[in-house]
Every structure is written in C-alpha cells, then in structure tokens.
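Keeping their order, the protein sequence lines are chains A and B. Residues in the first sequence are numbered consecutively from 23, following my numbering. Residues in the second sequence are numbered consecutively from 363, following my numbering.
A few of these clues could be false.
As the list claims (entries may be wrong) - Taking lysine-lysine and the DSSO-like style, the derived pairs with C-alpha atoms no more than 27 angstroms apart in a straight line are:
# : chain 1 : residue 1 : chain 2 : residue 2
1 : B       : Lys428    : B       : Lys403
2 : A       : Lys64     : B       : Lys403
3 : B       : Lys403    : A       : Lys59
Stated by the list, open to error - Selected chain B positions facing chain A (Cβ under 10 angstroms, derived; list incomplete):
# : residue
4 : Pro370
5 : Met395
6 : Asn413
7 : Gly415
8 : Pro448
9 : Thr468
Because the hints were derived from the structure by calculation, they are not lab data. Positions of the beta carbon are idealized from the N, C-alpha and C atoms, including for glycine.
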Amino acid sequence: GENVEQHPSTLSVQEGDSAVIKCTYSDSASNYFPWYKQELGKRPQLIIDIRSNVGEKKDQRIAVTLNKTAKHFSLHITETQPEDSAVYFCAASIGNTGTASKLTFGTGTRLQVTL
Amino acid sequence: GAVVSQHPSWVICKSGTSVKIECRSLDFQATTMFWYRQFPKQSLMLMATSNEGSKATYEQGVEKDKFLINHASLTLSTLTVTSAHPEDSSFYICSAPDSGRGQLETQYFGPGTRLLVL
Numbered sequence: 023g024e025n026v027e028q029h030p031s032t033l034s035v036q037e038g039d040s041a042v043i044k045c046t047y048s049d050s051a052s053n054y055f056p057w058y059k060q061e062l063g064k065r066p067q068l069i070i071d072i073r074s075n076v077g078e079k080k081d082q083r084i085a086v087t088l089n090k091t092a093k094h095f096s097l098h099i100t101e102t103q104p105e106d107s108a109v110y111f112c113a114a115s116i117g118n119t120g121t122a123s124k125l126t127f128g129t130g131t132r133l134q135v136t137l
Numbered sequence: 363g364a365v366v367s368q369h370p371s372w373v374i375c376k377s378g379t380s381v382k383i384e385c386r387s388l389d390f391q392a393t394t395m396f397w398y399r400q401f402p403k404q405s406l407m408l409m410a411t412s413n414e415g416s417k418a419t420y421e422q423g424v425e426k427d428k429f430l431i432n433h434a435s436l437t438l439s440t441l442t443v444t445s446a447h448p449e450d451s452s453f454y455i456c457s458a459p460d461s462g463r464g465q466l467e468t469q470y471f472g473p474g475t476r477l478l479v480l
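Can you build the whole structure from these sequences, using the hints too?
Spelled out as structure tokens, the structure:
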C-alpha cells in the first residue's frame with residue numbers, strides 16, 4: 023500500500039519568514055495530494071491540494087509543488103503569521119472518477135510561528 | 363457547503379460498555395464515508411471505509427467485530443466501539459467526499475469525537 027513520509031516533524035520560524043514542509047510517497051499511481059491544517063483538538067481543514075497533472079499550485083501565501091518523477095511534494099507558506107501555527111498533514115490518494123478514494127496521511131509537522 | 367458533523371463531540375464511558383458515534387453529512391449526500399482514529403500527537407490512521415447499503419471495508423489490523431460500522435443512509439454513518447477498553451481512548455474522526463461536486467478525492471472532515479474509556 024501507499025506510504026507517505028513527512029519532514030520535518032517540528033518546524034519553528036519567525037513571523038514573516040517562510041516555512042517549507044516536504045513529503046514523499048511510494049505509490050506511483052497516487053495522483054491526488056491534499057494538505058490539511060489541524061489546530062489542537064479540531065478537525066483537519068483542507069488548505070490546498072494538487073493533482074498530478076500540474077506541477078505547482080498557489081493560493082495567496084500558500085503554494086504546493088509536485089515532482090512526480092521523484093515522488094515528492096512540498097508545502098510552502100510565505101510571510102508566516104502566528105495564526106499559521108498548527109499541525110500540517112500531507113496526504114496522498116489514488117483518485118478515480120466515480121469512486122471515493124482513501125487518503126494516506128503523512129506523520130505531520132508541528133509548525134510554530136514565533137513573534 | 364460540504365459540512366460534516368459528528369455526535370457526540372466527547373464521551374466518557376466505563377470499560378466494557380459500548381459507545382456509538384454518529385457522522386452526518388449535513389448539506390450533501392455521501393455514499394462513502396471514512397473513519398479515522400488519531401492518538402495524541404500522531405497522525406490520522408484510517409480504520410475503515412463505510413459504504414452506504416453495503417458492508418464496510420476495514421483496514422488491516424482493525425477488528426471489525428469491535429468497531430461496528432453502519433451506513434444506513436446517504437447522510438449518516440455510525441461507528442460503534444463495542445466492549446470499550448482504556449486503549450480504545452482516542453480521537454475518532456470521520457470524513458466524506460462530496461459526490462455532488464464531482465471530485466471524489468476531496469474529503470471533508472467532521473469535528474471529531476474524543477472518547478475516554480475509564
């Protein structure tokens with residue numbers, strides 16, 4: 023089955039700096055890669071996702087890049103703010119039209135944005 | 363849109379009792395829902411895939427007789443933890459894709475149910 027590795031496990035940055043979180047996946051058939059933000063005791067919230075037919079996607083301060091050949095994808099957060107502090111999870115799935123597909127999650131990155 | 367709710371949000375029970383957790387899609391229909399378990403400071407681990415009108419599919423290592431799943435309607439899936447023990451204490455989260463949006467990869471998560479077994 024799919025295996026997703028995520029690094030680093032913890033990341034501390036100063037407010038205004040950029041943060042980068044990296045994930046690798048094992049199954050070359052995976053074609054959907056979402057990123058979730060989870061605050062303590064809350065549900066995971068989808069912040070951005072990318073499909074294998076594109077290499078990069080950006081939404082304001084958040085961007086995701088995908089390298090299918092190397093089987094890795096990364097989350098980039100620019101101009102970090104204290105409210106970005108949370109645990110971030112990457113995930114991968116094999117998405118097919120017409121059927122729901124299960125997600126395999128990375129181990130998570132605890133991001134701390136300091137003032 | 364794409365709101366998923368769970369009930370209860372937290373529950374404390376005695377060892378040996380059973381606990382039922384409900385997962386509802388409020389503004390869309392979900393033929394499939396997923397159940398995850400999350401231990402403190404750990405990732406989400408998929409337990410099972412709940413399919414409306416048919417049997418759930420369990421992940422390797424998850425006891426189907428202990429974690430009973432019923433998906434009786436297009437908006438409701440239930441997870442029953444039978445004969446709960448302290449090691450079952452965890453955060454249980456469900457998710458569902460919104461088939462109406464045509465992109466079944468995107469999953470929307472419920473707020474989670476925190477279970478504490480004494």
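Next item on the list: Of all the hints given earlier, name the ones this structure violates by number, lowest first.
Entry: As far as the earlier hints go, 4, 7 and 8 are violated by this structure, in ascending order.
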